[in-house]
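Enquirer: One letter stands for each residue in the lines below.
Number of protein chains: 2
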Amino acid sequence: MKDKGILIVLSGPSGVGKGTVRKAVFSRPDAKFEYSISMTTRKPREGEVDGVDYFFKTREEFEDLIKKGKLLEYAEYVGNYYGTPVDYVKETLESGKDVFLEIEVQGAKQVREKFPEGLFIFLMPPSLEELKNRITGRGTESVELIHDRMEAARKEIELTSMYDYIVVNDDVERAVDKIYAIVQAEHCRSERVIDQYIKMLEVE
Amino acid sequence: MKDKGILIVLSGPSGVGKGTVRKAVFSRPDAKFEYSISMTTRKPREGEVDGVDYFFKTREEFEDLIKKGKLLEYAEYVGNYYGTPVDYVKETLESGKDVFLEIEVQGAKQVREKFPEGLFIFLMPPSLEELKNRITGRGTESVELIHDRMEAARKEIELTSMYDYIVVNDDVERAVDKIYAIVQAEHCRSERVIDQYIKMLEVE
Numbered sequence: 038m039k040d041k042g043i044l045i046v047l048s049g050p051s052g053v054g055k056g057t058v059r060k061a062v063f064s065r066p067d068a069k070f071e072y073s074i075s076m077t078t079r080k081p082r083e084g085e086v087d088g089v090d091y092f093f094k095t096r097e098e099f100e101d102l103i104k105k106g107k108l109l110e111y112a113e114y115v116g117n118y119y120g121t122p123v124d125y126v127k128e129t130l131e132s133g134k135d136v137f138l139e140i141e142v143q144g145a146k147q148v149r150e151k152f153p154e155g156l157f158i159f160l161m162p163p164s165l166e167e168l169k170n171r172i173t174g175r176g177t178e179s180v181e182l183i184h185d186r187m188e189a190a191r192k193e194i195e196l197t198s199m200y201d202y203i204v205v206n207d208d209v210e211r212a213v214d215k216i217y218a219i220v221q222a223e224h225c226r227s228e229r230v231i232d233q234y235i236k237m238l239e240v241e
Numbered sequence: 038m039k040d041k042g043i044l045i046v047l048s049g050p051s052g053v054g055k056g057t058v059r060k061a062v063f064s065r066p067d068a069k070f071e072y073s074i075s076m077t078t079r080k081p082r083e084g085e086v087d088g089v090d091y092f093f094k095t096r097e098e099f100e101d102l103i104k105k106g107k108l109l110e111y112a113e114y115v116g117n118y119y120g121t122p123v124d125y126v127k128e129t130l131e132s133g134k135d136v137f138l139e140i141e142v143q144g145a146k147q148v149r150e151k152f153p154e155g156l157f158i159f160l161m162p163p164s165l166e167e168l169k170n171r172i173t174g175r176g177t178e179s180v181e182l183i184h185d186r187m188e189a190a191r192k193e194i195e196l197t198s199m200y201d202y203i204v205v206n207d208d209v210e211r212a213v214d215k216i217y218a219i220v221q222a223e224h225c226r227s228e229r230v231i232d233q234y235i236k237m238l239e240v241e
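Sequence lines, in order, name chains V and X. Take 38 as the starting number for the first sequence in this note's numbering and just add one per residue. Take 38 as the starting number for the second sequence in this note's numbering and just add one per residue.
Source of the hints: derived by calculation from the structure; they are not laboratory data. Take the hints with a grain of salt, since some may be wrong.
Computed list of lysine to any residue pairs in SDA-like fashion (alpha-carbon distance at most 25 Å, straight line) [to be verified]:
| # | chain 1 | residue 1 | chain 2 | residue 2 |
| --- | --- | --- | --- | --- |
| 1 | V | LYS55 | X | GLN233 |
| 2 | X | LYS69 | V | TYR217 |
| 3 | V | LYS192 | X | TYR114 |
| 4 | X | LYS146 | V | ASP232 |
| 5 | X | LYS104 | X | LYS69 |
| 6 | V | LYS60 | X | GLN221 |
| 7 | X | LYS146 | V | GLU228 |
| 8 | X | LYS146 | V | TYR217 |
| 9 | X | LYS151 | V | SER227 |
Computed from a predicted model, the values in this text were never measured in an experiment.
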């Protein structure tokens with residue numbers, strides 16, 4: 038009896054190290070999930086291979102796919118489109134395999150709307166952990182500056198409430214360990230497996 | 038700043054191997070949680086030690102503790118009381134340590150009402166047939182008792198929707214791996230860590 042795969046979405050603020058963590062996730066020998074390759078209209082960089090690093094498309098092709106509803110999520114970033122082709126994701130999940138997406142925060146929000154049952158992980162910069170020290174510890178900042186920083190921090194935290202898990206990227210291998218634990222745990226979540234057991238009991 | 042510990046509740050039908058799994062959980066060198074020893078009025082089995090496997094009490098002693106509100110949960114099961122002393126659990130959680138309870142299904146239901154934020158894991162037999170083998174395999178129980186336990190097990194499995202996670206006990210070490218992953222993942226759940234950040238921000 039095969040269950041559907043889980044859609045794993047790794048996101049977080051720009052510069053937090055999502056790409057590095059994703060590569061470390063897939064470099065482990067026991068990586069059991071499929072990586073969903075993104076689509077982009079930006080030019081390939083030296084050494085980048087179409088269908089490996091990205092699917093490279095023209096603007097016309099990309100906009101045609103948007104119109105046809107063939108993108109799970111997309112965003113325009115510094116003049117180029119980036120997106121996730123939906124068919125690959127759906128087919129892979131149906132086959133029982135987990136799919137791993139590493140995407141920007143804007144895109145993650147779109148995926149949450151379409152796949153509320155996905156597993157959403159927010160990669161948190163370690164500096165936020167030291168926020169209190171940074172803001173109050175120095176003792177040299179104006180009340181206004183402290184207030185502004187607290188407001189910025191609050192907004193970041195409000196963003197994270199959309200996610201199921203928060204992983205602090207203080208150390209890449211530690212972050213990867215946590216991601217593996219999260220995926221293993223999610224496969225035991227009662228709302229995901231209960232249907233399987235109800236079937237089992239009916240056979241008895 | 039220290040956050041409260043997580044109350045981890047391992048439960049499941051009688052005979053599923055809760056005790057064996059719990060011992061294997063605590064035999065690992067990286068076990069970081071505190072075990073809350075249960076109290077019971079049943080007779081010690083061969084090799085069981087008072088204050089290690091259980092606190093063994095008389096019915097009179099047990100009923101006195103019920104009256105005084107000193108039990109987090111208790112149940113009468115096949116003619117004997119089983120329960121969890123409440124003070125130890127509360128103090129340990131407040132100190133920031135996770136507490137591990139291994140209890141019967143009736144008791145888990147009471148704990149869920151008092152600690153909805155607990156982490157509830159249901160240990161599932163690989164099949165009801167397997168469960169019967171385990172219950173009869175102990176070789177120390179009467180036919181009537183075996184029948185009663187099978188009926189109870191069937192009813193208990195229907196209660197799994199109350200749990201956050203379901204772990205199949207097909208292999209003890211595999212079940213323990215999953216429990217460790219679940220606890221590690223829960224420490225990354227956004228609803229648990231967001232409170233930490235909010236508290237941190239309130240210290241203005």
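Enquirer: Sort out whether TYR217 (chain V) lies within 25 Å of LYS69 (chain X), counting only the CA atoms.
Expert: Given pair LYS69 (chain X), TYR217 (chain V) holds - Cα atoms ~19 Å apart, limit 25 Å.
Enquirer: Just to be careful, I want the Cα atoms of LYS60 (chain V) and GLN221 (chain X) compared with a cutoff of 25 Å; is the pair within it?
Expert: The hint holds at about 22 Å.
Enquirer: Taken at face value, is the distance from the CA of ASP232 (chain V) to the CA of LYS146 (chain X) at most 25 Å?
Expert: holds (21 Å)
Enquirer: Are the Cα positions of LYS55 (chain V) and GLN233 (chain X) separated by 25 Å at most?
Expert: holds (23 Å)
Enquirer: Compare the distance between the alpha carbons of LYS192 (chain V) and TYR114 (chain X) with 25 Å, and conclude whether the hinted pair is satisfied.
Expert: violated (51 Å)
Enquirer: Does SER227 (chain V) sit within 25 Å of LYS151 (chain X), going by the straight-line distance between their CA atoms?
Expert: holds (20 Å)
Enquirer: Take the C-alpha atoms of LYS146 (chain X) and TYR217 (chain V), compute the straight-line distance between them, and say whether it is at most 25 Å.
Expert: violated (30 Å)
Enquirer: Holds or violated: are the alpha carbons of LYS146 (chain X) and GLU228 (chain V) at most 25 Å from each other?
Expert: holds (18 Å)
Enquirer: Checking one constraint from the list: CA of LYS104 (chain X) to CA of LYS69 (chain X), max 25 Å. Satisfied?
Expert: Judged against 25 Å, a Cα distance of about 33 Å means the pair is violated.
In summary, the numbered hints that this structure violates are 3, 5, 8.
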